[in-house]
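Trainee: What follows is each chain in one-letter form.
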Amino acid sequence: MTPERWEQISRILADALDQPVADRSAFISEACGHDLEMRDEVELLLSRQADASAFFDRFANDLTPDTAKRSDIPSLSGTDVGPYRLTEVIGRGGMGVVYRAARNDGAFEQEVALKLLPTGVSEDQLQRFEAERQILAPLQHPHIARLLDGGFSADGTPYFVMDYVDGVPITQYCDAQQLDVRQRLKLFGQVCSAVQYAHQNLVVHRDLKPSNILVTDDGVVKLLDFGIAKLLDHSARSRPSLTQVGARVMTPEYASPEQIRGDSITTSSDVYQLGVLLYELLTGRRPYKAIAIREMERIILEEEPTRPSTAITMVMDATPQTSTQTHAITTQRLQRELRGDLDQIILKALSKRPDHRYSSVEAMADDLGRHLQGMPVLAQGNRWTYVASKFMRRHRTGIGALALTFSALAVGLAVALWQGQIAAQERDRAQQQERLASEVAGFMKGMFFFFASSVPEGTSPSPMDVLQQGVVRAEQIDDDRELAGALLHEIADLHIWIREYPKADELFERTLELRQTPRGQMAVLERLATSARLQNQLDRAMPLYEQAVAIGDEFLDEDDLDMAYVLNTYGIALSDAEELETAERIQRRVVAIRKAQPMDNHSDRAQLAAALDNLGVIVGKSGRLRDALSHHEEGLAYREIISRDVAGENMDVAWSLLNIMSIQALLDEWDQLLEHADRQIMIADSTLGPSHRISVGGRRLKAVALLEQGDLEEARALSSEADTNLRQNAFADKGEMLLLSILGARIERESGALEASERRLLDLWPDLDEAWQSEGKSAFAGLVAIEIGKTLVAAGRVEEAMQWLELGVLIETQSRPAGHYRIGIAHLELATASAKASDREAHAQIAISLLEPVFGQSHPLTRRARTLLRQ
Amino acid sequence: MADTSSPTQLLAAYQAGEKEALADLFEQVYDMLYGLARLQRSKWQGDYTVGATALVNEAYLKLIDQTGASYRDRSHFLAVASQAMRHILIDYARRRQALRRGGDFERVQIDELFDLSDARVDELIDLNDAMEKLSELQPRQARVVECRLFGGMQLDETAEALDLSKATVKRDWTAARALLFALLNPES
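Quick mapping for you: the protein sequence lines, in order, are chains P and C.
Sequential numbering of the first sequence, starting at 1, is according to our numbering.
Sequential numbering of the second sequence, starting at 1, is according to our numbering.
If you're looking for bench data, these hints aren't it; they were derived computationally from the structure.
The reader is advised that the hints may include incorrect statements.
[Claimed, not checked] Non-contacting residues of chain C with respect to chain P, defined by C-beta distances greater than 12 Å in every case (computed):
1) GLU58
2) GLU136
3) LEU162
4) PHE181
[Unchecked claim] Taking lysine to aspartate or glutamate and the EDC-like style, the derived pairs with C-alpha atoms no more than 20 Å apart in a straight line are:
5) LYS170(C) to GLU736(P)
6) LYS133(C) to GLU41(P)
7) LYS170(C) to ASP678(P)
8) LYS170(C) to GLU770(P)
9) LYS133(C) to GLU7(P)
10) LYS166(C) to ASP51(P)
11) LYS170(C) to ASP51(P)
12) LYS133(C) to GLU513(P)
13) LYS734(P) to GLU708(P)
14) LYS166(C) to GLU513(P)
15) LYS166(C) to ASP156(C)
16) LYS348(P) to GLU513(P)
17) LYS166(C) to ASP15(P)
18) LYS170(C) to ASP15(P)
19) LYS621(P) to GLU770(P)
Where a beta carbon is used, it is the ideal one built from N, C-alpha and C, also for glycine.
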């Protein structure tokens, strides 16, 4: 084409457009004459005229937002709007011009940002503007730029006045400061706290993006334009599609799917936009590649975003810098940090469906907080393997103080605020506990009532049915996670009480998801551990206890009572596992915490007494009997104080007395034992029933005392009474049953019924033999082997007896901690039976070395050993 | 002494026919616009994209002593600034494109001057090429597009700046858009 020809075409085209539409073709034909080629060209250009206009309008719109395009409106810098003098333009856009301004009446020196809206809004819109302004005005938050004022200028143009923020967009700040992931998350926490606050005040931002989130030089986040988008959106409502409106009100890259669809906008949109922001903060890219707006809309509605940890490895095409440059770390390291939790948290926030996102900004911030603390995050679901791996990792790496920035209840405030926050939380906790306790009690009652009224008359609901009903109802509570968690916890706990352990485990795992505070996590893990312990699965219980204790150590005070509770059951488990040294250390901690309490109420006393009792048992198992006795006696003293005030008998006293009696039996203190015995039996019978092992144990020990004192008949009577009672008990304790049988065999031996004694003991043997051979140790096999030996000695079958006694020594040596008196007793019996003097002396020597430190020189066992040595 | 001259003086010299004043003015305006764009990017308040054309206006307010400045001075200045803005945008778009095409992005860092998508960046460069072709056919029309598109100038401002009638500007604007659009979107 030549310039001349183009000049002609230009003129014809422009003139044709001045003609009425119907006349245009004719006009062109006439103007082009016989040049049909030119006619076709003009026709073609004309046919695309509308598209061309639209294209350039859109292009111009990108380069020239509405107001600025009307450059016939001169800058108003230097003029007054209301009581403000405009200083300079600090931003221009389709929805107005923003000026820096100050009061012109000298009332305040404060600099403000004043946003002048475009003129030409309707009366109706102005009223809405005023109404909205009044809703927004009360928003007061350290991370939200306040809406200070607003009104209409002399010519009726609406304006807002906001805090002037001297800052840069958050993305730019992070990159300039080369913040690492944690620091970025911390800053993001400030954003969350502001948005959460606004949501609590029923204000949705709708247009969260870096340019609305500034960070000042001293690192303080300020959110701009809260709620303004909605306000502006009203005035733009008449516009039909986002492609037009969106370019003005929203940046398409940040629009949520529901915003694109034109659906109603809720707080969930802000959660989505926070997801986009976090994505960009951590990867340096936006989740979707920016291309044409219409394509953008489709992508946001349909396509899943690339995982952040993958996005950072892709060739940078949307951002000027690699994220690793701006994070000042390697891609691999960044990828490791993003992979897993952060990927999941961001993708959850970016879910297409609002109900798949976090239910609130708080929930999202909580999850980030948990991530920083190394706790399991909600976004990952509750797979047990994941939760477990989380704990492993947490305790490998340790956690900085920064993690506190995101602790569960208050999010993202400056670290300095934190100590105060936590103190306040702890104060609130007592009230909160009280509220929960009363709600739980009410619920529990209601649970039975509700159920009772729904089963047919004449039938009685089983505890399991009632509890199942409770679970269903607890899980229907979706507006109060804490209450739902507390309820499920109680119900799960009841399953432990009724020994439905697998069901309890299942419920506690669900509870773990609801009780997300460190305290809650610790409590639930303890219950899971205890359930495992009660199922005799110590291997499974121990790591759970360790996790619970580790959380307590990390987040709670050393003297925290909930922590003491966890340590107490952990101590019992350690004792069961015969880890006596650790058990004792833990249990001493519990006693110390309990003793620090004021002791002015019975609950404090009862808890301390229980801790002392447990410590006594552990110390006793370690062989330090005097020490153990003093713990038990101290525990008893506290229980006696309680008994004086409480009507009826106190079953705890029966427990304490039994513990004391069992040690007195070992210490040869039979008179003292008999002083306690009758009271112990009476209290146990009346509170626990005669078939309970505590009642049976009391009778057994009394029988042993009588036997020692030579009252064979009374001993036999009492022993067989205990035996009969125990057989009434469907859950008869195996240990107690064994001890009773051994006593029976002893009595038979003493009364000369050697065959009966031998038979009874040999009946016990196979099970014990199997147990000790498979476990490598046994609490009872050694006792029984020695008793068999003694019966055989009495029967004169010394050689056979020696084999049993040697076996007894072997088993006891393997089963007890080094230096245990039980090993000493085994050697003593072996020495007694040994015909060879050298063997006798050797075993007697060992016996003395083990027995004397525990029992002292005057104890019958020590004396017997000395006698053997002198022979 | 172009170096020491203020933009106001340079503008006056240019209007008086000193052609070399234009180059100096252009340079100063370019620097000013570039600085403004950076400033606005890093310190802008509000939820809106800073428009390139807003900057052109801002540059006028900052560069030209407005006491005694006429409408004609302003239009002339805006025309220069529009051209400068076109160059800034194209330079920027080229850097963005180079970066994207696997340029040495480890070391090259560019100022994120404008909030433009990749698609728009590509369009800018295509448009610039098309405008070069248009210049060969009718340079006046390309100048009109420059003023209208990159300077956000109104019809009468453009007419004033380019010493044309409003009718001519209007006709040029229509024809130029038609041709450019056809060049950018060839009929398949």
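Trainee: Against each hint, give a clear statement of whether it holds in the structure.
Mentor: Do the hints match the structure? See the list:
1. GLU58: The claim is violated: GLU58(C) sits with its nearest Cβ about 6 Å from chain P, within 12 Å.
2. GLU136: violated, 7 Å
3. LEU162: Consistent with the label, LEU162(C) stays out of reach of chain P, its closest Cβ about 16 Å off (over 12 Å).
4. PHE181: violated, 4 Å
5. LYS170(C) to GLU736(P): Violated, at roughly 108 Å.
6. LYS133(C) to GLU41(P): holds, 17 Å
7. LYS170(C) to ASP678(P): violated, 117 Å
8. LYS170(C) to GLU770(P): violated, 106 Å
9. LYS133(C) to GLU7(P): holds, 14 Å
10. LYS166(C) to ASP51(P): Status violated; Cα separation ~23 Å.
11. LYS170(C) to ASP51(P): OK: LYS170(C) and ASP51(P) at ~18 Å, within 20 Å.
12. LYS133(C) to GLU513(P): Between LYS133(C) and GLU513(P) the Cα gap is close to 66 Å, so the pair fails against 20 Å, i.e. violated.
13. LYS734(P) to GLU708(P): violated, 24 Å
14. LYS166(C) to GLU513(P): Violated, because 71 Å separates the two Cα atoms, which is more than 20 Å.
15. LYS166(C) to ASP156(C): holds, 6 Å
16. LYS348(P) to GLU513(P): holds, 16 Å
17. LYS166(C) to ASP15(P): holds, 14 Å
18. LYS170(C) to ASP15(P): Given pair LYS170(C), ASP15(P) holds - Cα atoms ~11 Å apart, limit 20 Å.
19. LYS621(P) to GLU770(P): Not satisfied, since the Cα-Cα distance of roughly 23 Å exceeds 20 Å.
Of the numbered hints listed earlier, those contradicted by the structure are 1, 2, 4, 5, 7, 8, 10, 12, 13, 14 and 19.
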